[in-house]
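Visitor: Chain residues, written in single-letter form:
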Amino acid sequence: MQCTTFYGRLHIQWPPPLTKTMWLAMKLIILFSCAGILQASARVNSQQVTFSGSNVPLEKIFNVIEQQTDYVVFYNYTAIKDAKKVTINARALPLEQFLNECFKSQPLKYVIEGKTIMIAKQPLVVQPAVTALQSSFRDIRGVITDENDEPMPGVSITIKGSSIGTTTNKDGSFTINASEGNTLVFSYVGFVPQEIAVTNQSSINVKLLLLSANSLGTVVVTALGIKRGEKAITYSTQTLDGNKINVAKEAINPINSLKGQIAGLSITNVGDGISSSPKVLLRGSRSITGNNAPLYVTDGVPSDFGLLDPNNIESITVLKGASAAAAYGSAGQNGAIIITTKKARSGKFSVNYNGGIRFDKALILTDFQYQYGQGEGGVFFPNSENSWGPKATGQMVTLWNGKSVPLTGQSNRFKDFYQLGKTINNSISISGGSDKMQTYFSYSNTRVLGVLRKNNELTRHTMDLKIQNNITSKFSINTQVTYGQDDQSTSSQYPYSSIYVTPVSIPLSEMKDYKYTDVSGVVQQNYWKPNTLGSNPYFTMNGDIVKNFQYKVFGLFTAKYKFSSWIDLQIRGSFTRTSSKNEQDKYAGISLVQSVWGSDYYLTTTGSQSTYADALLTFKRDLNKNFNLSGNIGASITDAKSESLYAHANGLYKEDFFYIGNGKAPITTNGNRRSPEVQGIYGLATLSFKNYLFMELTGRNDWSSALPKGHQSYFYPSGGLTAVISSMVDLPSWISFGKVRLSYAESGYGGIEYLNKNYYSVGLGGVIITPTIQSLGNYKPELTSSYEGGLDWRFFNNRLGFNLTYYRTETKNQLLLIGAPSASLFDQRYINAGLIRNQGVELTLNLNPVKSGNFSWDVAFNYARNKNKVIRLTDEIKSVIISGGGGSAAAATIKVVEGASYGDIYVKGWQRDSLGRKLVSDQGVPLLTAGQDINVGNYNPNFLMGLNNSLSYKNFSLSFLIDYRNGGQVISASQALMDGRGVTKATLNGRNNDLVLDAYTSDGKKNTKAISAQNYYSSIGDIYLSGEFYNYSATNIRLREAILTYKLSNKILKKGILTDAQFSLVGRNLFYFQRSAPFDPEIGSNGGNSGGQEFGYIPSTRSYGFNIKLSF
Amino acid sequence: MSFTIFRSHCRSIILTLVLTSILSGCVKNFEEINTDPTRLTSLSPSDVKSLFPNALYVGLTHNGAYQQTAQALFADQYSQFFAQTAPYFASHRYLIIDSWIQTQWTGVYVNTLPSLVIIIKETKGVQPTLNAIARIWKTFVLHRTTDYYGPIPYSEIGSTNKYIKYDLQKDIYYDFFKELTEAAADLKANMSIPSYGTQDLIYNGDNEKWLRFANTLRLRLAMRISQIDPAKAKKEAEAAVADGVFSDVSQDAFLKVSSIYPNRLNSTTAWNEFRMSAAMQSLLVGYNDPRLSVWFSPATATGQYSGVRNGLLPAEQILPENDNDHNSNVGALLSIDNQYKTPETVMHAAEAFFLRAEGALNGWDMGGAAKDLYNTGIRMSMNTWGITDDAAISNYINSSNLPMAPGGLYNTPALTNIPVLFSNDPAQQREQILTQKWLAVFPDGFEGWAEMRRSGYPKFYPLLHSENPDVPANTMIRRIPFTEYDKQRNSVAVQQAVSLLSGPDNAATRLWWDTH
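Chains as they are written, first to last, in this note's numbering: chain V, 1 to 1112; chain C, 1113 to 1628.
Hints listed in this document are in silico derivations from the structure and should not be mistaken for laboratory results.
Be careful, since some hints might not be right.
Unchecked claim - Where chain V lies over chain C, by a calculated footprint (3+ residues, C-beta under 8 Å):
1) 1379 to 1391
2) 1468 to 1479
Said to hold, decoys possible - Capping the alpha-carbon separation at 27 Å, the derived lysine-lysine pairs in DSS-like fashion look like this:
3) V/K641 <-> C/K1274
4) C/K1140 <-> V/K878
5) C/K1274 <-> V/K709
6) V/K109 <-> V/K60
7) V/K709 <-> C/K1599
By construction, the Cβ of each residue, glycine as well, lies at the ideal position given by its N, Cα and C atoms.
Given the sequences, and given the hints that come with them, work out the whole structure.
Guide: Written out as structure tokens, the structure reads:
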């Protein structure tokens, strides 16, 4: 994570010229990649400056240089406070001469590195005369090197509190006359200054460390791919460096790498298996029945993470508020996650390899019992699906298959189902080119073997080709083609729950032959209780398979024309095509519940495509010496459609031969969906005053095809102010930087396609089917307005900094899908209503407690709290069901209730009397409510916290991330099922009919009747559970990630062709410091706007891995 | 910025503006973009006709997949045709699970009635046979619905009002009679005009059979109100019989199934969640009923026909005596293997004879004597299920066998003490007629339960446990409370509907016609 300060106006340009020493270039590459500011450039190398003026402030000179050359100036505003004004008359003066002219009598010096001009205070080199009183003064010698042990020339060494100083020579060595008790300050632009006290030493060798991106300040890739100094940004953003993502890789879902790292971002995983889809929320939910997911943007155009190689990610920036919408339209109203991928760099041909292997171990967090065997009521029954049998003491019993075995708890029963999962990831990239053309190519493959032993694997290939072409000095084009494909197979039908509920005493060896052919030649499942919902877990693992194949092609074309130094035009078009094939193979012998047709086959193919195009005019002008105006005017169009074909065999003639032509009664249907077309024009303008006050204004008008005629056009503005206090007023020197920001943004949502007409479908057999959702002929776009204010301060030379944001968003005119009275002949209808408010605080804190030559320690902390309130629904409707309810068998109903907050969980639970006492029947069994009407809390967390520590010593670095989620409830349907079957430790209590529940009978008497554990748990648990009993706090603290990295030193590398090598040991999800739920509450989530429920998902995993990065 | 600089860049700015307007100017095709190419926005006359098959199927099965939650978990249990063996359902212990029962509600109002309302509106005065048959079917679907809840939205169906009112059950019944009378008259007057043809999954376009169906339904409804409104009942019943009710199994109303429209009872039985009830066991085994082996199969573990008591607790359901293996599943005809073959019951011809037999006991003119009608009813029912051996049927009709006592864990006695042989005692006759009718309407739990409530016959076994404090285990559950589903959507109307009930909105309050 980076929360950084920005000094100076920064428009880093690549490529740097080839002439400079390679190691410095490399350093800058590292430096700037850290900052996430690589940018393809189309600028010409015109290195001459024409300018005349008198008494011009130095900042103005810097602006001129940046406009007329492709160099950028890098400076600390406070450093140039004392600069003299410049009077100059230059006509086509070479840059260096021009600079020398300007710096003639300045207390400053400049250094050119690559295309960067760095400005620093000029140390006064004065050697004092030796006097008697200064007899303790002696010469101290030393060598200054960088991290790679390369000598550093030009480093300034001063005696603290004096103006005495010197600089290093070209070998990096220096001599200074100093006395004991003096403190020497070693400084060099772009590096962390160091102070060393003089004692009795005669030599001092110092290693200077590059300033991390943290303190240098970054350029943030904001909406539309517009790069902007963080200093000027009026809303909250946070950036995660690509290195963070491609070492501790989440190879399949890179978004999971953001867990615990970004304040205000919550990620839970939906579904099970190796490619479960994460549910991502920024600052809570705001749309009741609409979409709450943030917008994903890859390289400037809307496109999600799907099939993206994490090794290719340069950086991820999270725009948290609705401000992103000004640029992207409605899709950005939930914030945006902006992915920047790696690009080619000219000048150097380089080959990078990044590979890793990761091992995943299933974390089975449930406590099982192994004391009681298969059976009911304490009696062994060979056909029982439960473990309510007798105490298993090795007594001989006859199993369903006729075998006699001793009755014992089989505590080893998971070993045949779970294995050590493996993820092997290899990625290679090649980059290089000339000033005119640069190419980047990468290929990666990933092979995942999931923790389930069979049918739990995925193979992914991705390829990426980018060509940047500077056709002329003014015109450049960029072409990018990305291809990815996935081939996956998983077992369906919750094999996990089938493994867990298997009676604890059945030996694995007896289950292993999971099917057989009976006397009449019919394949049967070898299950101890045929004709029920259950299955032999070996069968579910082997005989009920889902295969998924998909590919995605993403093409992006960008053309940029630079009219002059201050204005350019960019035109961009992108095209995404995804195609997928999903097959379900059901083998002969499958339980009737899973397929009434026996061996069966389903096939679904889907093709979708989306196109996006925009034009963007960018300009930047100094209005006068104090005011600078920059801005963009743009227009965009987005369009998406998809088509699918679904076929069901309805049984197969030849069993286990999975081909639709082999279907007994194939039924084929197709679907078609076209998202609304949205066209927009927009303008963004930033006015800055003296480079410390910034005002940003945006306006956008959209036209959405989904809106009713006459209302298709809608406008929404945003505005923000930023003041860099530290540049405006004199602050104590320990305050390095301070900024205050304030912004307001509105965003519209253009609605849902096909909403304004009632449609009739043509169903199977040509019948006509009436619509169940009533059309809405006339409606307004949904509107989100958000306020946000923040502070961004750094102290003690950037060693301590924080970023604090408060926000409040309100979303109204929601397109609300509500229930209609059934007699209206529609089930649901849309209305335009509702008001949801989210407000919250986000804090990030960066601390650098230790930074010495060899050792440094960085701490990054983030905290976010969101409070949601449903202010208003409609006059008639006071609650809306988000999920569950209905005829569904879900563990809970998720509701949005007026006056409450989004995501309340309602479950079945105890019936209570008027005094609120729990009721039992006269037999002592809990009386349960009929519906899911007991509120047990909300699935959203109270707050989320992340703490990352990074320690580095010489070539080693260690970082670890602790992640804390506080609050929120989860319902575990798995636990209910397992309890109902008597396999959990919890069910040991009361096996002898001695549970007397602390409750009352409906006639008000205290319950005295004892029941058995079986009676109790089969009432509250099993499939149709009472969620009140299976409601857990989702609070947990975990060691999310630990990485130990060793970087080969430059000395070693210099001898071979390797230019960079780094080895890392990686661990993810290592352990919990605290957890209440009997499963990983992060996995317990449902799709869409639902959440807070878990059923039969694959357990989460603890991962260890090794990663290697090599550059040639 | 100076003006000259501005001018030199004029071109680029104009270019951008032009591009902008090209991109953003084309909203003309928005209408086309925003129209779904895969669905219809209007219906042609033949499309209107094509609404019917789906209305038939979902009207009978509650949107297909919901046969289970709309019927199997409620009416089929309350009628004691079946008893629940799966431990995870509580509705058979009289607990009304809203999320399940609402599928009955939506299956009718959202999935069936829209099609019928469109057909009735579009064919009015144009296609009389289509119109009449749709009205008959609408009445069939809604009579089951009102017999679940009592007052239901009826007169304002399709209204755009914010709240749609519920009607008094009496008014609804009166309108049913009017609808059926008018539809029958329309059919009769236009008998030669083709109707739905192959789209008619029940009678394949046979208007004559639909006329008999309408009259038989009218007779059923007349009998339903025979205690609360005897005069109206007599009038309607006699008119129906005079106009021609079911007289032969060829008129049996069965819905033709296919791979698109499987028999939903058969599909539901595949889940093995219920077994034959103890009540069925007592009667069928006691009477040595030939239908036993058609409807049920011997328990896999014992080879015996055995039934389960209704209202078991989960802990009892898993005991071997009560489990699936030790009790009778449905027979092959009703099993999953025949889900595409066995037609689904709508209304059997036998019922008409039992209704007439009971009408005869009431002193109505039913065109025959009670005993003959009773015996013919039994014969018809046997024929319906493929039992055509006259001797065997005669044996049964003349049998003095009594229901058996299942015994077992709960020491279950015989359900009742009546034989099949028609008694001379009028009180016993009514029980015999209604008990045989109950068997004859199997597996239609809606009708089975409704008539048990109305008449008190057949007798039923008290539940072993009730979880509904309003309805003790030894009493019959009387209705389904108004759905939470509609309370949320139609709040004011549902509140007002409570006053149309004879008691509180719970499962113990009797419907208008339920005076037994």
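Visitor: Each of the hints needs a verdict: does it hold here or not?
Guide: How the hints compare with the structure:
1. Coverage of the region 1379 to 1391 of chain C by chain V holds. Counting CB-CB distances below 8 Å, 4 residues qualify, and the rule asks for three or more.
2. Closer than 8 Å: that is the beta-carbon criterion, and the region 1468 to 1479 of chain C has 0 residues meeting it against chain V, so the requirement of 3 is violated.
3. For the given pair, V/K641 sits about 35 Å from C/K1274 by alpha-carbon distance, which is inconsistent with the 27 Å threshold.
4. Among the hinted pairs, C/K1140 with V/K878 is inconsistent with the structure: their alpha-carbon atoms are about 39 Å apart, more than 27 Å.
5. For the given pair, C/K1274 sits about 26 Å from V/K709 by alpha-carbon distance, which is consistent with the 27 Å threshold.
6. Simply put, V/K109 and V/K60 have alpha-carbon atoms about 17 Å apart, close enough for the 27 Å limit, and the pair holds.
7. Note on V/K709 and C/K1599: the hinted pairing is violated, with a Cα-Cα distance of about 35 Å set against a maximum of 27 Å.
The earlier numbered hints that this structure contradicts are 2, 3, 4 and 7.
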